[in-house]
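Going down the list, the sequences are from chains A and B.
Just so you know, the numbering used here puts the end of the first sequence at 176, numbered straight through with nothing missing.
Just so you know, the numbering used here puts the end of the second sequence at 323, numbered straight through with nothing missing.
Some hints here could point you the wrong way.
[Said to hold, decoys possible] Non-contacting residues of chain A with respect to chain B, defined by C-beta distances greater than 10 angstroms in every case (computed):
hint: 1; residue: Gly17
hint: 2; residue: Met168
hint: 3; residue: Gly173
[Claimed, not checked] Derived, one-sided and incomplete: chain B residues facing chain A with beta-carbon distance under 7 angstroms:
hint: 4; residue: Ser5
hint: 5; residue: Val58
hint: 6; residue: Asn104
hint: 7; residue: Arg311
What the hints contain is simulated information worked out from the structure, not anything from laboratory work.
These figures come from a predicted structure and were not determined experimentally.
Where is the CB? At the ideal position from N, CA and C, for every residue including glycine.
Chain residues, written in single-letter form:
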Amino acid sequence: MSEAVPARLPVTLTVNGAAHTLTVDPRVTLLDALRETLHLTGTKKGCDHGQCGACTVLLDGQRVLSCLTLAVMHDGQAVTTVEGLGTPEQLHPLQDAFIRHDGYQCGYCTPGQLCSSVGTLDEIARGVPSHVTAHLDDVTFSAEELRERLSGNICRCAAYPNIIAAVMDVHAGEGA
Amino acid sequence: MRAFSYARAETPQAAAQAAEAPGTKFIAGGTNLLDLMKLDIEQPSRLIDLGPLDLRAVTDTPDGGLHVGALVTNTDLAAHPRVKADYAVLTRAIVAGASGQIRNKATTGGNLLQRARCPYFYDTNLPCNKRDPGSGCAALRGLSRTLAVVGTSDACIAQHPSDMAVALRVLDATVNTLKPDGTPRALTLDEFYRLPEDTPHLETTLEPGELITGVTLPPPVGGTHVYRKVRDRASYAFALVSVAAIVNGPDVRVAFGGVAPRPWRVRDAERAAAQASGEARADTLIDRAFEGARPTEQNAFKVPLLRRTVRAVLAQAAQEEQA
Ligand SMILES: Cc1cc2nc3c(=O)[nH]c(=O)nc-3n(C[C@H](O)[C@H](O)[C@H](O)COP(=O)(O)OP(=O)(O)OC[C@H]3O[C@@H](n4cnc5c(N)ncnc54)[C@H](O)[C@@H]3O)c2cc1C
Ligand code: SF4
Ligand code: FES
Ligand code: FES
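If we strip away everything but chain A, and leave its shape as in the complex, we get:
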């Protein structure tokens, strides 16, 4: 029995500051829309099942997994991918710190690590508690907090210590 192809639907997404109206099959995930339709291949597909964090993007400023959500669910919303964080000429401070600290080897997980780090710093600043926060009213930045909060971003090359060093560095710079 052949399945009917579902009607394609329009959806408007603001990606890295530019509005795009796409017409997509409702099955298309946000990840596939970014990569296959908008050709923004910075965001990576690892597991496609929410387990690795490679597809992390910022949705209205919060980090989410683009593989576990549909493009049509985000009409009118803003998405930031790794391409929108900085430019080769003017890197985002985290991109710069990842280079200085050798925060990657193969680099596959890096776009997700970067978007997740941006979201994490904002969550700590907003006082969102984590599993390792000792006092729920007192969310303070620490390496332990970073390790816990970035645990959803898997790195097969195990660049973890250098990733943590890079994010610590950026936080120190921001705090100064």
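Dock chain B with the ligands against chain A, hints included.
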């Protein structure tokens, strides 16, 4: 992924009416449903996106409790000032689950309805009564290390994977729903979740189309709140066992996760524990709450692990009460 048609919800009642049709499912965060659709475990022909509904508020109730809209994200709920202050066990349970990215998307309603993490439920080549009613249960004689020890049946031994629901159970939360005909209901978690018996594919008492509109927390009960989750990794893994506790002097309320098809709480066990003292409190609680346990050879470790976890939780609570 199979083809489906997609529509955005306009009002809660219109959504419930539309979802009454067979093959229709709601989608909230999508973090569980889309995973299962990609694996061909869930096969809805129509999705109703709850995103546009105005169910994102956390509000005080007239009696001093709290109402949480069904679309409040796990992050927003965990970080809510009143939840942190008065229902800390809920914050602790939520932040013990999944990852930051997932919690930013996961919703209160969707979290309650996330499906089993049994390895055979995920393997469409093997029999599973929950996925394919009547096909059998591959777990009974298979890999059952992570599965349930109590409340199970010969048809299914899967455990409920939610951390949030365990805290909601210890807090005596109720689930608020709306039926397609417009009737609202309020269900305790024990009324909401069904035990597997011989129909493990029916996990809740929700009727076709019935929408979760929110969760209500009764007025705060004070006490020391602890959530302790024991798992194979320090983070980003489901519970082998978990314990949500509210300790108020001799009174202790405890719900267990990772060990039953729904958050497990036994009032008689709590009453008996209140009469005991010292180490006997934890032992009494576990002996009574797991009287009917039927572990497999592979997951028999869970009961002694729970016993030690409850001892640790009571010790931690005593320490925090003194501080
Ligand atoms: C890698 C990974 C690790 C995880 N680890 C944990 C963990 O450690 N602990 C834990 O507790 N959870 C964990 N989760 C599960 C996660 O918490 C759930 O996926 C999430 O809470 C589901 O919420 P959602 O809004 O995305 O639901 P959806 O995927 O949108 O929906 C789930 C189900 O609920 C139904 N539904 C949603 N909202 C409503 C409503 N208002 N009324 C009626 N029906 C509704 C949908 O139809 C669907 O059947 C993990 C998930 C992943 C992918
Ligand atoms: S335990 Fe339940 S979910 Fe697992 S295989 Fe058996 S029937 Fe399926
Ligand atoms: S690709 Fe999305 S989490 Fe792995
Ligand atoms: S740098 Fe290779 S996976 Fe992280």
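Here's how the hints hold up against the structure:
1. Gly17: holds, 21 angstroms
2. Met168: holds, 17 angstroms
3. Gly173: Per Cβ check, glycine 173 (chain A) is outside 10 angstroms of chain B; nearest 22 angstroms; holds.
4. Ser5: holds, 6 angstroms
5. Val58: Result: violated, 14 angstroms to nearest chain A Cβ.
6. Asn104: Where the cut-off is 7 angstroms and the nearest Cβ of chain A is about 5 angstroms from asparagine 104 (chain B), the hint holds.
7. Arg311: violated, 21 angstroms
In summary, the numbered hints that this structure violates are 5, 7.
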